[in-house]
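Undergrad: Model the full assembly from the supplied sequences, consistent with the hints where possible.
Each protein sequence line maps, in turn, to chains A and B. If you read the first sequence in my numbering, its first letter stands for residue 4, the second for the next number, and so on. If you read the second sequence in my numbering, its first letter stands for residue 16, the second for the next number, and so on.
The hints are simulated quantities; they were obtained by calculation from the structure and are not laboratory data. Since the structure is predicted, the reported quantities are computational estimates derived from the model, not experimental observations. Just so you know, not all the hints are guaranteed correct.
Okay, derived cross-link-like pairs now, SDA-like style, lysine to any residue, Cα gap no bigger than 20 Å in a straight line [to be verified]:
#1 B:113 to A:49
#2 A:47 to B:20
#3 B:113 to A:33
#4 B:57 to A:12
#5 A:47 to A:65
#6 A:81 to A:25
#7 A:47 to B:121
#8 A:99 to B:22
#9 B:113 to A:57
#10 A:14 to B:57
#11 B:57 to A:13
#12 A:99 to A:32
#13 A:47 to B:22
#14 A:99 to B:67
#15 A:47 to B:113
#16 B:113 to A:54
#17 B:60 to A:75
#18 A:99 to B:121
#19 A:14 to A:88
#20 A:99 to B:112
#21 B:60 to A:92
#22 A:81 to A:12
#23 A:47 to B:108
#24 B:113 to A:62
#25 B:57 to A:41
#26 A:99 to B:60
#27 A:47 to A:5
#28 B:113 to A:60
#29 A:47 to B:55
#30 B:113 to A:13
#31 A:47 to B:61
#32 A:99 to B:55
#33 B:57 to A:43
#34 B:60 to A:57
#35 B:113 to A:4
#36 A:47 to B:112
#37 A:14 to B:55
Only some residues are given here: those of chain A computed to face chain B with a beta carbon under 7 Å [as the list claims (entries may be wrong)]:
#38 25
#39 31
#40 46
Virtual Cβ for every residue (Gly too), placed ideally from N, Cα, C.
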Amino acid sequence: EAGVAQSPRYKIIEKRQSVAFWCNPISGHATLYWYQQILGQGPKLLIQFQNNGVVDDSQLPKDRFSAERLKGVDSTLKIQPAKLEDSAVYLCASSKVGNEQFFGPGTRLTVL
Amino acid sequence: RKEVEQDPGPFNVPEGATVAFNCTYSNSASQSFFWYRQDCRKEPKLLMSVYSSGNEDGRFTAQLNRASQYISLLIRDSKLSDSATYLCVVRLTGGGNKLTFGTGTQLKVEL
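TA: Encoded structure:
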């Protein structure tokens, strides 16, 4: 069974630029999550979707971050404009409703 | 106070040693508990769930003390391949499967 796919794997941008990350969850997983993991910290949930609806976006900095999952399958996370403190690994995870979350390999973002 | 607190380590232990990690959580509404393992520059993966009665999976034993809001992970006969960061994770009651992660404890097993 294919795992969670993410792209790109690495991205380097300058502050104030925009960036987008893509995630394709495991087939049949209704719930999709985006996490931010800053170096030396555990992952922090940014947003959770169930199908194409948002379940929790309480920790998403909505002034600069946006995410969508229009058809209830793959998802994009965008940052516009990026700040230095956005440098982190962005992890996508998916699960069946209420079940174990499986993580993708992540996108490592460096903001210069 | 952080929702989930762990000693970041690193714990440097010789191969074959027994090592224990501790974790405390602040929200008494926490319902489910897990240990995840994260290898360097890799994604987190579920190591084991933690049950009130305690549970064991091979060389790994997890325990939960709800009264003290304390979780532990014991690794016996540690192997070089156990070197990783161990993340303590909690899920709240009615939290929609939202996981809250600790900062992780780094383990290095040496020859």
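Undergrad: Against the structure, test the hints numbered earlier, and report the numbers of the ones violated in rising order.
TA: As far as the earlier hints go, 8, 14, 17, 18, 27, 30, 32, 34, 35, 38, 39 are violated by this structure, in ascending order.
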